[in-house]
Every structure is written in structure tokens, then in C-alpha cells.
Amino acid sequence: MNSKLIKDLPDLVTNDVISQDVASKIEQYYLAKQQQAPNRLFAVFGVLGSLLVGLGIILILAHNWDNFPRGAKTILAFLPLVIGQCIVAFSILKKKSVAWKEASGTFLFFTIGSSIALVSQIYNIPGNLSTYILTWIILSLPLIYLLKSNTVAILNMICITYYACELGYSFMSIGHTPWLYLVMMALIVPHYYKLLKHHKEANITSIFNWLIPISLTIVLGAFVDQLTELGFLMYLLLFSLFYNVGKTPFFDEQKLRRNGYLIFGSLGIVIMVLTMSFDDFWYMERFFFNSQETYVSTILFAANLGLLIYSYSKGWLKTFNFFQFVFILFSVMYLFGLNIPIVGTIVVNFIVLALGVTTIKIGIDKFHFGVLNYGLLIITALVTCRFFDTNMSFVIRGLLFVCVGLGFFLTNYVMLKKQKSRVESLKH
Amino acid sequence: MQRKHIFILFIILAIAQIAVPAQMIFNREAILKSGTAFKFKTEPVDPSDPFKGKYISLNYELDNFKTKDTIWMRNQEVYISITNDSLGFAKVISASLENPKKGDFLKAKVNSYSEYDSILRFSLSFNEFYMEETKAYSAELAYREAQRDSLPDNTFALVYIKNGDAVLDNVFINEIPIATFIEK
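Top line first, the protein sequences correspond to chains A and B. Quick note: the first sequence, position 205, residue 205 per our numbering, numbers continuous. Quick note: the second sequence, position 124, residue 124 per our numbering, numbers continuous.
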């Protein structure tokens with residue numbers, strides 16, 4: 001994009017849009033910026049290189065070289081680790097650039113894993129994958145802070161998520177809840193906080209803004225133990241929390257694509273609510289309060305409510321946004337509305353409709369075609385779902401579809417008109 | 001934080017990073033040096049592991065014990081006392097939830113207890129034997145062939161045991177280490 005701008009500069013000068021002076025200033029600004037760029041490129045390739053080399057070493061060692069005696073294999077197990085440590089020590093001592101630290105940290109991360117794996121291989125130590133990954137995480141997590149390395153933090157986060165899935169979802173480990181996942185994620189939080197504070201606009205921060213909700217979404221299901229019915233409420237509360245976090249001015253003022261919380265929360269809420277709008281969902285076989293799921297739900301509810309009250313006290317809730325409050329309705333319905341299917345389905349259908357309308361309104365207010373059509377899509381999804389499970393006559397269903405289709409045309413048309421008139425008024 | 005402090009912390013971390021695998025090695029070496037060797041009749045099959053490479057999974061013949069006790073719960077740790085039978089293979093003497101402290105014993109996990117025929121089923125921890133990737137599957141085939149051709153009970157695992165911990169040293173078919181057996 002920058003190069004396009006620079007290419008356009010002569011054209012702009014000849015057409016008297018900007019002066020020659022301004023043009024040369026712009027050119028100099030981008031040139032100066034470009035001079036810093038090679039460093040960033042070097043960091044990316046350094047990390048990619050050591051990622052591949054590290055993974056390659058793990059694979060080569062996994063071949064399990066039978067012909068080597070035990071002693072030689074043991075030395076092989078430690079060799080990459082020690083090399084990795086030397087490079088990291090070098091980059092700390094010589095105060096090397098970010099690229100050096102990221103690349104060497106990544107390499108060391110993988111050699112830690114390979115050395116533990118090789119030792120278990122040499123001595124036929126039976127593999128409990130979750131313990132293995134846990135050891136790996138504990139030995140590599142401090143590197144995040146010693147090297148201030150984003151890559152090591154991301155790799156650790158992936159490993160922690162993998163650990164939680166291995167412990168919580170695998171067939172062999174029914175009844176295990178990965179509580180340690182929370183502890184280890186908490187250990188990464190200070191690094192994330194620093195990123196948010198000092199590099200709010202950096203690309204790497206937005207990667208974290210996406211990875212954290214993804215990781216939490218993947219793992220939350222592992223906290224469901226016996227009362228699977230409450231799992232839906234837990235997820236809805238989690239997505240609502242994401243949405244409310246994404247709506248705080250800190251994230252909301254950033255570009256939408258950087259705000260993983262908001263997008264994830266919104267999509268999650270809609271998908272959960274649509275799932276719950278089906279007839280047979282609101283029939284629950286058993287419900288008891290004294291369960292792990294109730295506690296997790298209560299904590300998530302309290303977090304949601306706390307954040308809302310805080311937002312209110314700060315004056316952030318200027319306009320009413322239904323998405324931010326929908327969790328209260330659902331918690332109440334879970335408490336009282338179960339096994340009264342008519343309440344569940346009818347209310348939920350209206351909620352989906354309300355959510356769709358809210359989204360359309362946000363889209364119109366912000367002049368955002370994406371959001372507007374997303375709102376229309378929500379309503380379309382609702383209609384499509386009802387297409388399958390109600391006994392409405394075909395005529396009514398057909399009319400509904402025609403209405404929604406017309407809605408697409410009309411709203412987009414009205415928005416386009418509005419936008420045009422806005423551009424016109426800007427010209428004059 | 002100053003560079004010096006960071007470096008010192010890194011050195012501590014580096015020592016820990018080396019110490020963990022080293023500790024694993026020392027524990028196993030101690031068992032291999034001063035533990036007692038037992039032979040367990042076994043049957044290899046061929047799964048894989050993403051990080052550690054190919055291994056053969058071992059099904060042991062010794063996986064149950066007849067007992068009148070009914071205290072067992074699934075996935076519970078259980079101590080199995082063993083001794084050699086007349087043919088030189090390991091056999092169970094007793095099973096208990098407490099550390100027997102005397103004799104040779106090993107830790108296992110309870111699979112199930114059937115009150116109908118009062119049999120306790122358990123699984124032994126040392127059921128993975130790592131091999132070169134090309135050899136793991138041939139090992140399974142070789143075992144099957146050997147089962148057909150020669151005497152029964154020809155495949156066994158050599159395991160060193162000390163204070164309940166076990167290290168699987170090697171797997172033999174017809175008294176030949178399995179890796180060498182395949183090459184023939």
C-alpha cells in the first residue's frame with residue numbers, strides 16, 4: 001500500500017493536489033520507515049527458521065537410531081538442548097536484537113521437548129502425553145519473560161491448550177479437569193498485559209487478542225464433568241464475557257479485525273442461541289446445583305455482571321446493546337424455564353430475532369455494511385432453522401423467506417443511498 | 001531487570017532444563033544397575049507417538065490375579081508382588097493397596113475387578129518399547145511368525161525392578177533381542 005502511495009506521488013503533484021515539498025516529505029517518511037523493516041523481516045524468518053529446525057530435530061530423533069549405543073543416544077538427547085541454551089545465553093549476554101532473542105528462544109523451546117522425548121524413548125518410559133507436555137511447558141515458560149519473547153509465549157499457549165485437551169477430552173482420562181490450565185494461562189497474562197499496555201497497536205498483540213479467546217473456547221468444554229446440560233450455559237456465558245470485554249473502549253476503539261474478543265463473542269452467542277432455539281433442547285433430564293458446572297457457571301456469570309457494572313460506572317454503556325445483557329436472560333431461563341419447552345423455544349426465538357435487529361441497528365449506526373449484513377444473516381439463520389422444525393404452512397414459510405430477502409435488498413439500498421448523500425454533503 | 005540478573009536467572013533455568021532429563025536418566029540407570037531382572041511373557045502390537053517416534057505396545061500375559069478382596073477401584077494404584085515361576089517367568093504372589101516393602105513388587109493400575117470369578121485385572125506401566133521407525137511394524141510381524149513356527153511362550157520382555165519402579169530393558173523373541181531378530 002505504501003509503495004502504491006509513493007507511485008501515485010508524481011501524479012498527485014502534477015494534478016496540484018499536493019505540493020512538491022509535501023511529496024518529498026512523504027517519500028522520506030516512508031523511506032525512513034522502510035529502513036527499520038528489514039529487522040522485522042529478519043525476526044520473522046529467524047523464528048520460522050528455528051521453528052522448522054526445531055521440529056526437524058524432534059522428527060530426526062524420533063526415528064530412534066537403533067544402531068547407536070545407549071550412551072551415544074543420551075549425548076544426542078542433550079546436544080541440541082545445550083546448543084540452544086548457548087545461543088540463548090549469547091543473545092542475552094551480547095544484548096542481541098529482538099530477532100535474535102525470538103529465534104533462539106524458539107529453537108530452545110523445541111530442543112527442551114526433544115530432549116525429554118528422547119530420554120523417554122531411550123529408557124522406554126511409558127508415555128503419558130499430558131505429563132510430558134506439562135514438563136515441557138514448565139521448563140520453557142520462564143523463557144517468555146527472560147527473553148521477552150512473543151513466539152515462546154504463543155508456543156507455550158498452544159502447548160497449554162493441547163495439554164488441557166489431552167487431559168480433559170481424551171477417552172482415557174474421564175473425570176479429569178485441567179485446573180492447571182488456568183494456572184499456566186495466568187502465568188502468561190503478565191506478558192499479555194505488557195503487550196496491551198505498550199504495544200496496543202502492534203500486529204503481535206492482535207494475534208494474542210485472537211488466540212486467547214480461541215484457547216479458552218477450546219478448553220472450556222473440558223471443565224464439563226457430569227452435568228453436560230449446563231455446558232451450553234457455560235459456553236454462552238463465556239462468549240458473553242468475550243463480547244463484553246470486546247466492548248470495553250480499549251478494544252472497541254481498535255479496528256474490528258484486531259478485536260478477536262468481540263467477533264468471537266458475537267459469533268459464539270449467536271451460534272449458541274440458535275442451537276438452543278430448537279424444540280427439544282429445553283427438555284432436561286436432571287439438574288442439580290452441587291456440581292462443578294454450576295460453580296464454573298456462577299463464576300462466569302459473576303465475571304460478566306462485574307464487568308457490566310464496571311462498564312456502567314465508567315459510563316461506557318451509552319447505547320443499549322442487547323448482546324451485552326443476553327446472558328442474564330439465559331441464566332434466568334436455565335434456572336426457571338427448564339422442562340417448560342414452550343417458554344424456552346418461544347422466548348429464545350424472540351431473543352435471536354432481537355439479536356439480529358440489534359446487529360442491524362449497530363451496522364446502520366456505524367455505517368458498516370459487514371455488520372449490517374451479519375445481522376440479516378442472523379435472522380436468515382433463524383428462519384432457516386424454523387424451516388425444519390415447525391409445522392408452519394409452506395405459504396407462511398415462503399412469505400417469511402421473501403420478507404427476509406426483501407430486507408436484505410432494502411436495508412443495503414437505504415444504507416448505500418445514505419452513504420452517497422453523506423459523500424455528497426462532504427464534497428460541498 | 002538488569003542484564004546480569006536476567007543472565008543469572010537464565011542459567012538457573014538452563015540447569016533445570018538439563019536436570020529434568022538427567023534426573024530421568026539417573027533414576028532409570030539406578031534401577032538397571034541394582035534392580036532385579038524379571039521376564040514377562042508378552043505380545044507386541046504397533047502404534048505410534050507424535051513426539052517420541054514409533055514404539056511397539058506390549059500386551060502382558062501377566063495382567064490378572066485371583067483374589068477374594070473386593071476393595072479395588074478403577075484406575076487405582078495397586079502393588080503387585082512377583083516372583084519367578086519354574087520356567088523363569090514372572091508370576092504374581094499377591095496384590096495389595098499398600099506398599100509391601102519386602103520382596104520384589106511393582107506398581108500397576110487397576111482395570112477392573114470381576115466379583116463373578118473374583119479376578120482382579122490390572123495393567124503394567126512398562127508397556128511401550130521404542131524401536132527404529134522401520135522396525136516397529138516388522139517386529140509385530142516377526143512376533144506373529146515366531147508364534148507359528150516355534151515353541152509357545154517364546155516372546156518376553158526383560159524388566160528391571162527396584163522398589164516398585166520398573167525399567168523395560170529389552171524385548172526378546174526366542175532369546176534374541178527383537179531388533180536383532182528382525183534383521184535376520
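Think of the hints as simulated: they come from the structure by calculation, not from any bench. All values reported here derive from a predicted model rather than from experimental measurement. We treat Cβ as the ideally placed atom computed from N, Cα and C, and that holds for glycine. Careful, some of the hints might be misleading.
As the list claims (entries may be wrong) - Some residues of chain A that are not near chain B, with every Cβ distance over 12 Å (derived):
#  : residue
1  : Thr14
2  : Leu61
3  : Asp66
4  : Arg70
5  : Thr74
6  : Ile116
7  : Gln121
8  : Asn128
9  : Leu211
10 : Ser311
11 : Ser313
12 : Ile342
13 : Phe394
14 : Val395
To be verified - Label-pair restraints from in silico Cβ distances:
#  : chain 1 : residue 1 : chain 2 : residue 2 : range
15 : B       : Ser114    : A       : Trp179    : 28 to 38 Å
16 : A       : Lys96     : B       : Pro177    : 40 to 50 Å
17 : B       : Met73     : A       : Met392    : 28 to 38 Å
18 : B       : Pro177    : A       : Gln226    : 21 to 31 Å
19 : B       : Lys66     : A       : Gln226    : 26 to 36 Å
20 : A       : Lys96     : B       : Asn163    : 30 to 40 Å
task = Could you see if the CB distance from A/Lys96 to B/Asn163 stays within 30 to 40 Å?
result = violated (47 Å)
task = Hey, is A/Arg70 genuinely clear of chain B, shortest beta carbon separation above 12 Å?
result = Violated: least Cβ distance 9 Å, not greater than 12 Å.
key: Assertion that A/Ile116 lies outside the chain B interface [Cβ separation over 12 Å]   = Check fails; 5 Å does not lie beyond 12 Å.
task = Taking the shortest Cβ-to-Cβ distance between A/Ser311 and chain B, state whether it exceeds 12 Å.
result = holds (35 Å)
ask   = Just checking, A/Thr74 versus chain B, shortest CB gap more than 12 Å?
value = Non-interface label on A/Thr74 violated, nearest chain B Cβ at 6 Å vs cutoff 12 Å.
ask   = Does 26 to 36 Å hold as the CB distance between B/Lys66 and A/Gln226, or does it fail?
value = holds (34 Å)
ask   = Given a hinted range of 40 to 50 Å, is it respected by the beta-carbon distance of A/Lys96 and B/Pro177?
value = holds (48 Å)
key: Separation of A/Val395 from chain B, once the least beta-carbon distance is taken, above 12 Å   = holds (56 Å)
inquiry  = Verify the CB-CB distance for B/Pro177 and A/Gln226 against the hinted window 21 to 31 Å.
reply    = This hint is violated: roughly 48 Å between Cβ atoms.
task = Could you let me know if the closest chain B CB is still more than 12 Å away from the CB of A/Gln121?
result = The assertion about A/Gln121 is violated, with a minimum of 4 Å to chain B.
ask   = Beyond 12 Å from every Cβ of chain B: is that where the Cβ of A/Ser313 lies?
value = The claim stands: A/Ser313 keeps its Cβ more than 12 Å from every Cβ of chain B (closest is about 36 Å).
task = Report holds if the minimum CB distance from A/Asn128 to chain B is greater than 12 Å, and violated otherwise.
result = violated (9 Å)
Checked against the numbered hints above, the structure breaks hints 2, 3, 4, 5, 6, 7, 8, 17, 18 and 20 and satisfies the rest.
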